[in-house]
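*Asks:* In case you want the letters, here they are:
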Amino acid sequence: MLLIPCPYCGERDETEFRYGGQAHVPYPSDPAALSDAEWGTYLFVRDNPKGPFAERWVHSAGCRRWFNVRRDTATHRVLGSYRIGAPAP
Amino acid sequence: MTRVDGFGRVDRRAPVAFTFDGAPLTGFRGDTLASALLAGGVDVVGTSIHRGRPRGISAAGAEEPNGLVQVELGGGSEPMLRATEVELFDGLVARGLPGRGALDPTPDLARYDRVYAHCDVLVIGGGPAGLAAAYAASATGARVILAESAPELWPRAQGERGPVRHAAERLAIAAETRVLLRTTAIGAYDAGYVVLAERRTDHHAGEPPPGVSRERLWHVRARRIVLATGAHERPVAFAGNDLPGVMLAGSAREYLDRFGVLVGSRAVVLTAGDSGHDAAAVLAAAGLEIATVADARAGDVVCAADGERRVTAAIVRDAAGAERALPCDLLLLSGGWSPVVHLLSQAQGTVLWDAGAGGFVPDVLPEGWHLAGAVTGVYDHDACLAQGAAAGAEAAAAGSPNGAAAARPAEPATMLWAVPPPAGRDWDEAYVDQQRDATVADVRRAAAAGLRSPEHVKRFTTIGTANDQGRTSGVLTLGVMAELLETPIAALGPTTFRPPFAPVSFALLAGPDRGALSDPVRTTTIHPWHVAHGAVFEDVGQWKRPWFYPRKGEDLDAAVLRECAAARESVAMMDASTLGKIDVQGPDAITFLNRLYTGDFSTLKPGRCRYGLLCTADGMVFDDGVTMRLSEDRFLVTTTTGNAAKVLDWFEEWLQTEWPELRVHCTSVTEQWATVAIAGPRSRDVVGALAPGLDVSREGFGFMHIREATVAGLPARVCRVSFSGELAYEVNVPAWHGLALWEAVWDAGQPYGITPYGTETMHVLRAEKGYVIVGQDTDGTVTPQDLGLGWMVAQDKGDFVGRRSHARADSRRPGRKQLVGLLPTERLPEGAQLVLDAGAAVPVPMAGFVTSSYDSAALGRPFALALLEDGRALEGTTVHVPLEDRTPTAEVVGTVLVDPEGTRRDG
Chain A
3 MLLIPCPYCG ERDETEFRYG GQAHVPYPSD PAALSDAEWG TYLFVRDNPK GPFAERWVHS
63 AGCRRWFNVR RDTATHRVLG SYRIGAPAP
Chain B
16 MTRVDGFGRV DRRAPVAFTF DGAPLTGFRG DTLASALLAG GVDVVGTSIH RGRPRGISAA
76 GAEEPNGLVQ VELGGGSEPM LRATEVELFD GLVARGLPGR GALDPTPDLA RYDRVYAHCD
136 VLVIGGGPAG LAAAYAASAT GARVILAESA PELWPRAQGE RGPVRHAAER LAIAAETRVL
196 LRTTAIGAYD AGYVVLAERR TDHHAGEPPP GVSRERLWHV RARRIVLATG AHERPVAFAG
256 NDLPGVMLAG SAREYLDRFG VLVGSRAVVL TAGDSGHDAA AVLAAAGLEI ATVADARAGD
316 VVCAADGERR VTAAIVRDAA GAERALPCDL LLLSGGWSPV VHLLSQAQGT VLWDAGAGGF
376 VPDVLPEGWH LAGAVTGVYD HDACLAQGAA AGAEAAAAGS PNGAAAARPA EPATMLWAVP
436 PPAGRDWDEA YVDQQRDATV ADVRRAAAAG LRSPEHVKRF TTIGTANDQG RTSGVLTLGV
496 MAELLETPIA ALGPTTFRPP FAPVSFALLA GPDRGALSDP VRTTTIHPWH VAHGAVFEDV
556 GQWKRPWFYP RKGEDLDAAV LRECAAARES VAMMDASTLG KIDVQGPDAI TFLNRLYTGD
616 FSTLKPGRCR YGLLCTADGM VFDDGVTMRL SEDRFLVTTT TGNAAKVLDW FEEWLQTEWP
676 ELRVHCTSVT EQWATVAIAG PRSRDVVGAL APGLDVSREG FGFMHIREAT VAGLPARVCR
736 VSFSGELAYE VNVPAWHGLA LWEAVWDAGQ PYGITPYGTE TMHVLRAEKG YVIVGQDTDG
796 TVTPQDLGLG WMVAQDKGDF VGRRSHARAD SRRPGRKQLV GLLPTERLPE GAQLVLDAGA
856 AVPVPMAGFV TSSYDSAALG RPFALALLED GRALEGTTVH VPLEDRTPTA EVVGTVLVDP
916 EGTRRDG
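Residue numbers (my numbering), protein chains in the order written: chain A, 3 to 91; chain B, 16 to 922.
One should not assume that every hint holds.
[Claimed, not checked] Among chain A residues calculated to face chain B with C-beta under 8 angstroms, some are:
hint: 1; residue: Leu4
hint: 2; residue: Leu5
hint: 3; residue: Trp41
hint: 4; residue: Val47
hint: 5; residue: Trp68
Everything labelled a hint here was simulated from the structure, so no lab data went into it. Small disclaimer: the values here were computed from a predicted structure and weren't measured. Each residue gets a CB set at the ideal place from its N, CA and C atoms; glycine is no exception.
Here chain A stands alone, though its shape is the one from the complex:
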């Protein structure tokens, strides 16, 4: 079980959190301007690296805040966390 450092509450067990997929995939500013293929990419295509990965988590059984975590998907090592809006380290 991961130990996730919530930027607001500190380290907590993974069971207090919900996973939110890849981070830094912003909602397109003008969806109508996108082609079907571009929109489909936004909807359905995400990275799946073996190694460091920036992902979103929400502390659903705690402060209920969303934030980003960098985690190594191969080792499960949590490399750090940062608030929404902060640049990826």
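Given chain A, work out where chain B should sit, using these hints.
*Replies:* Using the frame of chain A, we list chain B on its own:
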């Protein structure tokens, strides 16, 4: 088999009576069932799973592959326990098993609980190295947990003193240190997370003390972990090696040291290293006659064992190949040692083959892990103590692990896996996995079939899949394979280790989360009335909602027809408190809601409400509900009962991650309000009587308007919304007034025969009007347009979540399933498939399916809603509904079957 004076730590003044296979026997306090059986001369404990071979005790701990017993406990029995791990108590009743047991069908009434614990250092294993580590860590003031599977810490031999004994005694009283006995680490996970199973009462005679759980699951999060799990001795595969009387050499020594039991009178010892000699020397000093020690390093081996129900002779083969039979009643094996690396491997550590240690030893450690003792392939007592002390100190200081491999022998160990059988004997008698009755012949068959991977051989032979998880057979199988394939064992590598390390009961994993505690039950403040009036409940999410209110002799169908008729002809009432309610407020609330809902709320005036749809970004309907605008910047959003938490999460996700600049706050107020829906032509009379100050007239209180009013003397918010098509009011009061309001409505409605109705009637009434239920008439692949709700999708307000997807080619293609009404020849089962041509060739193309189906009191006939390909274009045609034994037909019609003009809505 005898007890030897001067050996063992059992209490000889405390005899313990027990029963095995119906025979009364006696042991001593401190015995295990295995040691007492050995002392009592019981050779055969059970029979093997496939071949029915007699099997006895062959080891002293968790690695025992035989010796499986079923033990009677208070109120039931427990199968598949190892006799080596069952502590003896007065009155214990056990029986041997034929390789498998049977679960006791009586309910398990014992308590199981769990504890979450945190520590600086978790030491797994209370042998010399683990004790030294825990002692060193504890001495620094660190918070330490020491987990040991056995009922006592090392040393277990009588009279042994010295630094280890001292450490054990000090740890028992040290501050910030917790020693958990009878506690096995069953799983190791990320970031220092280890799960321990503690057995708390099974070693007691009689009923457990009140309030004490039978077993406890410890969830431990440790900054550092010291793995001191030791090593298991390996047997050797030769013909007849499964006979009772064949035992691991170290285990025979342990029976002497711990229990004072000499497990035979004349022994042949087969060893690949010094361990067999060491055990022989200790046992000989206690009176065991050693016929010979066959040392594989000199080329001497045992190639077969003779005997029927116990070994009677060993066939010893010397380096020149000469064989001779040596009479004996004990055959002791030491084929080397396998470090217990399971937990390390579970936590993603890696192992490698070490030729000097003759086993797989830890290589790359998980972060925060330290090692001590035999698990590193170091088998010297003093070296283990030194390693433990160093590891404990390093762990407490959060330092880096030292080089644990330093003390391993440089010289490659002599390996001894399988000994070819003598003439007249067969590989099929040379057991590798005794619990699975798998032999060297099975491994040879797997190799002959072309299998090269240990994972494949494991699955082909089932070796290592029994409840001992291959503790004595796993590495042995690799050794046999390496010889067969002429491959270095290092290249084969061990099979993957997964939790649990030892068998664990589902009851322990469930802990207290059983029965009524398995999931929270939510009830409304009006619930007691529903119970008192005989409601039948259904579960909606965690809520208990009245399903219907049967009168004497009524079934569901009869009750629902009556409840529906009351709502259409007079007046009926429902507890709608479970609907999700979210208070959305802030200067940007209108912007926020317009970005999520398909409709345009900017035209909604304060004091009015409107039905809305939520879509996910892929354009599919996600939830629906009525939104009230309470003031310019404050809204009350309602959601479906089961989706309330999901919708709030959805709101928060968009607010926090995409639109943090919006000044909006969302709060769940579901449980702050109680809601009574009053529906039917006489509802105006009922509400008017309860709220004399409220203008309830058709002109004074329009559809989809909201009024703050006093209803039955209570502060209330009244809405003119209808989920039935009838004139209807929803009265909302603070939750604690819910029951008072309900009872007042009930009393005021008596002149009109007011009828309480449940969710089933609600479903029928709404379906008659074509109102969808998200999750019943939709399944995540349905757009608003598919539902015929395209009019709810604003075209001119700018972007909202889901809009772009409505323009995708797939969302606009012909052939999408659309919501339609059906008038069938009989009531259809929900989920029934629809086909256009009943005579079409198989496989008949499926054109759609029934989503909702009821009998209608208003229509006097059955009807249904369905999703049907190009359904709206098929109105007026007939579809076929193939059922198991018949194929009724149905006419495709519009979705609004009752009052299509909407004249009843305003009374």
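*Asks:* If any of the earlier hints don't hold here, list their numbers in rising order.
*Replies:* 4
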